[in-house]
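Peer 1: Listed below, chain by chain, are the residues.
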Amino acid sequence: SQTIHQWPATLVQPVGSPLSLECTVEGTSNPNLYWYRQAAGRGLQLLFYSVGIGQISSEVPQNLSASRPQDRQFILSSKKLLLSDSGFYLCAWELDRALYGYTFGSGTRLTVV
Amino acid sequence: GQQLNQSPQSMFIQEGEDVSMNCTSSSIFNTWLWYKQDPGEGPVLLIALYKAGELTSNGRLTAQFGITRKDSFLNISASIPSDVGIYFCAGRRAGNQFYFGTGTSLTVIP
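In the order they appear, the protein sequences are chains D and W. Read left to right, the first sequence gives residues 55 to 167 (our numbering). Read left to right, the second sequence gives residues 73 to 182 (our numbering).
Chain W is nowhere near these chain D residues, computed Cβ spacing over 12 Å in every case:
1. N84
2. A120
3. S121
4. R122
5. K134
Here are the in silico distance ranges between beta carbons for each label pair:
6. W:I85 <-> D:S111: 38 to 44 Å
7. W:S79 <-> D:E113: 20 to 26 Å
8. D:G70 <-> W:A166: 39 to 45 Å
9. D:S160 <-> W:R165: 26 to 32 Å
10. D:A63 <-> W:F84: 27 to 33 Å
Per the computed footprint, the stretches of chain D lying under chain W, defined by three or more beta-carbons under 8 Å from a beta-carbon of chain W, are:
11. 97-108
12. 160-166
Calculated directly from the structure, the hints in this document are not laboratory data. Note that beta-carbon positions come from the ideal geometry of N, C-alpha and C, so glycine has one too.
Using the sequences and the accompanying hints, generate a full structural model.
Peer 2: So this is what it looks like as structure tokens:
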């Protein structure tokens, strides 16, 4: 069966520090991968999505970037965190625009201090 | 990106009451989904709908794909404390990404 892993679960980082959040999917090949941010427990904002290795689409210009170095690995990064980057970050996957929707990871709570 | 409008934004209900919420879009969708998010967790898929007018149940949950294809509805019967959370709708046109609703926060008072 397919599973999605996100880590870390919680992160407290100072302003100006770098960020790396990792998401991996097991049990499938060539998934579509997504990074979402959720502020204050409401609303899912799509940040990036990827349909293949090295293919990244950005939905919102910001202080963040994404990379997909391997088929089932999706990384969210920042060179210098801002206070406004705080939030709940969710990774999700689906199999090639299949009908059954996205499966989400358990999320990373990022607090920038 | 497009965002779907969900209403109500929040609900406070007594245990045992029924719950109704809806989701509307300015665009026609081919697929509607309903998710539930527990505090501190990722959303979990509850129900998927694929045809206009379709009515699908999952236990005490029932969702409908609106006949205009621009809306969807979720009902929860006989609410219990573990129904607490945020409910999201999501819609998609063929071949595109899903667009998510603004969420309905549900609080169940024992």
